[in-house]
Amino acid sequence: MSIENDNIESLVNRTYKHGFVTDIDQESFPPGLDEKVIGAISARKKEPKFMLEWRLKAYRHWLTMKEPEWAHVNYPPINYQDISYFAAPKSDKDRPKSLDEVDPKLLETYDKLGIPLHERAALAGVAVDAVFDSVSVATTFKEKLQEAGVIFCPFSEALINHPELVRKYLGTVVPPRDNFFAALNSAAFSDGSFVYIPKGVRCPMELSTYFRINAANTGQFERTLIIADEGSYVSYLEGCTAPMRDENQLHAAVVELVAMKDAEIKYSTVQNWYPGDEEGKGGIYNFVTKRGDCRGANSKISWTQVETGSAITWKYPSCILRGENSVGEFYSVAVTNNMQQADTGTKMIHIGKNSSSTIVSKGISAGKAEQSYRGLVRIMPQANGARNHTQCDSLLIGKKCGAHTFPYMEVKNPSAKVEHEASTSRISENQLFYCRQRGISEEDAVNMIVNGFCKEVFKELPMEFAVEAQALLNVSLEGAVG
Amino acid sequence: MLEIENLKATIAEEQVLSGLDLSVNAGEIHAIMGPNGSGKSSLAQVIVGHADYEVIEGSVEYQGHNLLELEPEDRAREGIFLGFQYPVEIPGVNNAYLLKAAVNAKRKHQGQDEIDAFEFLKLAKKTMELLDMDQSFLNRGVNEGFSGGEKKRNEILQMAMLEPKLAILDETDSGLDIDALKAVANGVNSLRHSERAIVLVTHYQRLLDYIEPDYVHVLWEGRIILSGDKALAHKLEENGYEWVRTTVSS
Amino acid sequence: MNQNSLSPELLQKAVHSLPEDNLSNMRLEAADRFSNMGFPVKGSEDWKYTDLSQIADLTSQWLNGSMQENAVDRENHNTKIVKSVTDSIDAHWIVVRDGVIDSDITEPHGTTIKKISAVNKKIVTGNDAMSVFNAALLRDGIHITAATPLKKPIGILYIDGPSSVITQNRAIIEIEEECQLQLVECCLSAGIGKQFTNTVTDFLIAAEASVNYVRIQDRDFEHTSVNRVNALLEKNTIFNHNGFDLGGALTRNDIVTEIAGKDALVNLNGLYLASAEQHIDNHTNIIHTVGPSTSTEEYRGILSGDSQCVFNGRVFVAEGADGTDSNQYNHNLLLSERAEIDTKPELEIYADDVKCAHGATVGQLDESALFYLRSRGLNLEESQRVLTHAFASGTLSKLAVGACYDYLTDLLDNRLELLVGAAG
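Residue numbers (my numbering), protein chains in the order written: chain A, 1 to 482; chain B, 1 to 250; chain C, 1 to 424.
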């Protein structure tokens with residue numbers, strides 16, 4: 001204990017601390033999306049021809065699709081022609097070859113975010129790929145990873161250097177037609193991260209991407225593809241922030257994970273996009289499709305997420321448990337305060353024999369926020385011996401918020417065991433008074449109890465992320481009680 | 001140290017204290033006895049500032065200042081500790097974390113440097129040794145799944161760590177078997193100090209076999225109607241509370 | 001308009017063919033509304049797993065007059081089945097055949113039982129498509145006002161017979177202040193063949209009153225039914241309900257309870273036993289509009305053959321409904337390779353001073369319990385039978401109307417024998 005707790009106190013901030021705008025020469029496309037814009041994005045990135053065709057196909061299908069309405073969220077209609085689909089720092093034209101060449105102003109931005117690329121990366125042994133608006137600006141530790149045979153690079157670079165790998169796996173987990181936002185992403189994605197871990201390799205360090213939306217009127221459509229070949233292991237961290245702006249910004253990302261036989265992928269997210277102000281003005285619409293495919297026997301995919309930001313979150317990191325004995329995990333903490341809305345959860349699709357999944361979801365709702373857990377556990381007829389355990393708890397703070405649970409369980413195999421438990425509670429007056437009698441202020445007591453409520457999930461996060469996550473939680477619940 | 005005069009208080013419009021006087025000095029141990037519903041726990045809750053209780057008359061001075069105007073956490077930071085009759089469970093929050101936060105809140109309040117994790121653990125371990133407590137206590141959730149005895153011992157541990165000037169122990173003996181009672185009593189005795197006052201709120205005399213009080217008060221319908229030394233407790237045990245009432249009224 | 005719509009002209013014609021009475025306006029209005037709605041379409045959230053398109057087809061054919069009359073066993077229809085129920089369960093029985101209420105109703109003291117057409121009150125029709133459809137084609141229904149508690153329960157026996165293919169049943173039950181009512185409802189079939197019954201039952205429970213309501217559905221395996229129960233609870237009331245679904249090809253129940261007064265208590269318990277191609281869908285909705293109030297719910301299901309069952313339990317806690325205490329459980333046993341259960345216990349909560357818990361399980365008989373029984377000399381099949389019975393009989397321990405205990409035990413025993421036997 002305690003070392004982290006010390007850090008928390010020092011990390012706690014009064015307001016959204018990532019809400020600065022970086023003054024940097026930006027180049028962006030005029031708003032709107034059509035085949036020409038897609039062509040321009042593709043050309044700009046010197047993509048192979050198959051990619052452009054893939055994008056256009058997705059785009060044409062997207063035109064026939066309708067925005068989903070089933071989620072428990074409300075927002076005014078989005079005009080997809082008002083969004084600019086590409087923004088990049090101008091100096092991108094001569095891309096940095098190493099960290100030393102990265103625009104110092106950018107590095108300063110990451111410093112403000114609390115991720116100095118030099119020190120933090122070096123200290124923690126984390127390789128960071130930072131995506132600034134739509135373009136990947138710096139990837140550290142490339143050499144060390146190369147020695148191990150690990151490919152970790154911006155998506156656009158992977159398309160140039162490893163087109164055969166991208167082509168083999170892209171869209172095989174989340175097909176372009178999967179859903180409205182996935183189709184939009186497939187058509188217009190600008191960059192993202194690509195990871196390939198070769199057979200039998202345990203990735204020597206944790207890989208990390210930091211996403212940041214900086215430009216105004218910009219959508220961020222990144223695409224992440226991670227392939228863990230047979231017997232390999234990788235832990236991947238993703239963090240997100242955005243500046244404070246009055247208008248809403250769209251973030252529609254797609255993440256695809258492929259775990260082959262005996263491989264394991266651990267994917268952790270701390271999402272802290274700007275949530276909008278107290279009246280609900282501004283903030284990010286975070287409409288994300290994340291899915292992992294446990295393709296081989298004994299493979300494992302574990303999603304851990306801490307969602308504190310965004311005005312609206314629509315996100316269901318899922319696992320397709322195809323391999324025998326494959327394992328899917330979903331650990332989630334979602335915090336909504338003020339006017340935030342979140343509809344989040346997971347899908348576990350059991351196909352392989354003896355596949356098992358664990359879902360632990362902790363939702364905290366405060367202010368006038370609305371939060372829903374939406375989960376699907378589907379046991380297919382061939383999934384003999386499949387197991388699922390779901391634990392889904394909500395904590396309500398205040399009288400105006402909502403907390404909802406929509407767990408779907410579809411079981412088509414008699415040897416399956418599926419269990420779902422859920423509870424809803426609030427912080428009791430007795431607990432608060434007990435803490436106050438020990439000299440702890442009400443606000444600290446609330447933070448303490450909330451962190452305790454989320455402990456099961458935090459322990460799944462890598463150490464540094466756990467510290468950050470707890471701190472974020474406290475910031476997010478600022479003013480929720482009293 | 002603590003001067004209570006003519007204290008009257010209500011909870012949900014019902015009067016629970018009706019003109020109580022009590023004076024406690026540093027170094028003393030006071031036992032407050034009385035039948036169920038006589039106002040023992042109410043007195044403890046009013047002193048620590050529970051919001052459900054409303055003081056309608058009288059005064060409480062603590063170290064020469066008006067105690068009633070302080071928030072509960074400030075009373076705690078000024079050195080008032082309540083051992084709860086029913087210690088609250090706080091799932092997921094570990095004991096060590098709560099304790100360290102409490103110790104540091106107090107240190108900060110008193111202008112001292114906060115202690116770091118390392119020092120804290122050293123101190124906690126030393127205190128636990130003194131109280132003959134298992135170290136695994138530290139890593140468990142606050143009172144989560146504790147037995148009755150464990151909860152009460154945990155209260156004593158917190159008291160020892162927080163080094164209060166005024167400790168009020170509300171029915172610390174209730175629900176304990178004889179071994180647990182001895183352990184708790186030993187803990188309290190080891191915390192006797194010339195600078196510290198201890199107020200024991202109890203229904204039964206048996207706790208007083210292990211912790212010897214300087215004064216015994218009998219509480220009846222929200223007032224102290226009889227005070228004496230520890231012999232009074234034995235008399236009570238022999239004759240029951242009815243006896244006090246008839247003695248006092250005659 | 002959707003693919004599950006009916007021809008408005010044919011529907012109007014059918015409405016006009018019913019006798020002119022107090023309900024005529026309601027029927028016409030409802031027919032109009034239904035023409036704009038159509039039957040629910042599979043895939044919408046409330047009908048995600050249940051497909052009514054067969055019912056829509058059947059209704060269309062029936063309206064067209066192209067339906068053949070079903071096979072009839074007149075003797076059974078008239079006496080045997082009615083007697084089998086009324087002799088076993090001691091109650092004040094009302095018998096409804098094909099939506100037609102038997103005329104020999106005796107009113108127990110302190111209770112009025114009338115035909116809805118004879119009650120001079122505006123009938124409120126729900127907004128869901130099946131309630132509107134019910135109002136459009138309703139011949140008549142039962143209106144009960146309970147003012148004094150009775151020793152015996154009131155019984156309603158619905159028999160789907162051969163003479164009508166599409167049947168609407170409706171009951172409105174008002175329980176006056178401080179009164180207690182026991183009600184048993186049995187839904188049986190007298191004929192075989194395709195038959196669709198659509199039933200709506202309303203309970204209006206005045207302050208301090210209580211209702212114990214048991215519903216037993218054991219229809220023919222070709223019959224389909226949609227059944228809706230609405231209960232409105234005023235302050236300090238109790239609504240106890242047990243639903244037993246054993247028969248039917250396709251059965252859909254919607255139990256909607258609204259707590260409108262403080263300190264009300266809702267207990268919903270259900271058991272569904274499905275085999276062969278049966279499809280049983282239970283949707284429950286407990287709405288806490290004020291608090292403090294309490295609800296508990298436990299549904300159990302045993303599935304074998306190619307059956308599919310659905311459980312959707314919703315608990316809604318409105319803003320300000322502080323002091324709500326709710327728990328909800330759904331447990332399922334799958335006995336065959338091809339059976340499917342889709343379960344969704346949902347919570348929608350807008351108040352913070354609430355205690356809500358829910359859970360669902362899908363699994364098999366406990367291996368260690370099976371082993372224990374076998375080690376005591378029972379063979380595997382016997383052991384399975386014992387444990388399956390134990391799983392089902394859990395719901396009998398909470399039976400709200402004692403008078404039907406024996407009848408139900410026999411029914412369940414026979415049904416479980418078939419289920420366990422067919423599972424292997």
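In short, the hints are calculated from the structure, not lab data. It is possible that part of the hints are untrue.
Here are the in silico distance ranges between beta carbons for each label pair [to be verified]:
{"hint": "1", "chain 1": "C", "residue 1": "393", "chain 2": "A", "residue 2": "167", "range": "56 to 62 Å"}
{"hint": "2", "chain 1": "B", "residue 1": "117", "chain 2": "C", "residue 2": "325", "range": "53 to 59 Å"}
{"hint": "3", "chain 1": "C", "residue 1": "292", "chain 2": "B", "residue 2": "139", "range": "34 to 40 Å"}
{"hint": "4", "chain 1": "C", "residue 1": "43", "chain 2": "A", "residue 2": "57", "range": "25 to 31 Å"}
{"hint": "5", "chain 1": "B", "residue 1": "147", "chain 2": "A", "residue 2": "429", "range": "20 to 26 Å"}
Ideal Cβ placement from N, Cα and C applies to all residues, glycine included.
Here is what the structure says about each hint:
Remark: the range hint 56 to 62 Å for residue 393(C) to residue 167(A) is upheld by a beta-carbon distance near 60 Å. A hinted range of 53 to 59 Å is violated for the C-beta pair residue 117(B) and residue 325(C), which are about 41 Å apart. A hinted range of 34 to 40 Å holds for the C-beta pair residue 292(C) and residue 139(B), which are about 37 Å apart. For the hinted restraint 25 to 31 Å between residue 43(C) and residue 57(A), the CB-CB distance of approximately 26 Å keeps it satisfied.
Between residue 147(B) and residue 429(A) the C-beta distance comes to about 25 Å, which sits within the given range of 20 to 26 Å.
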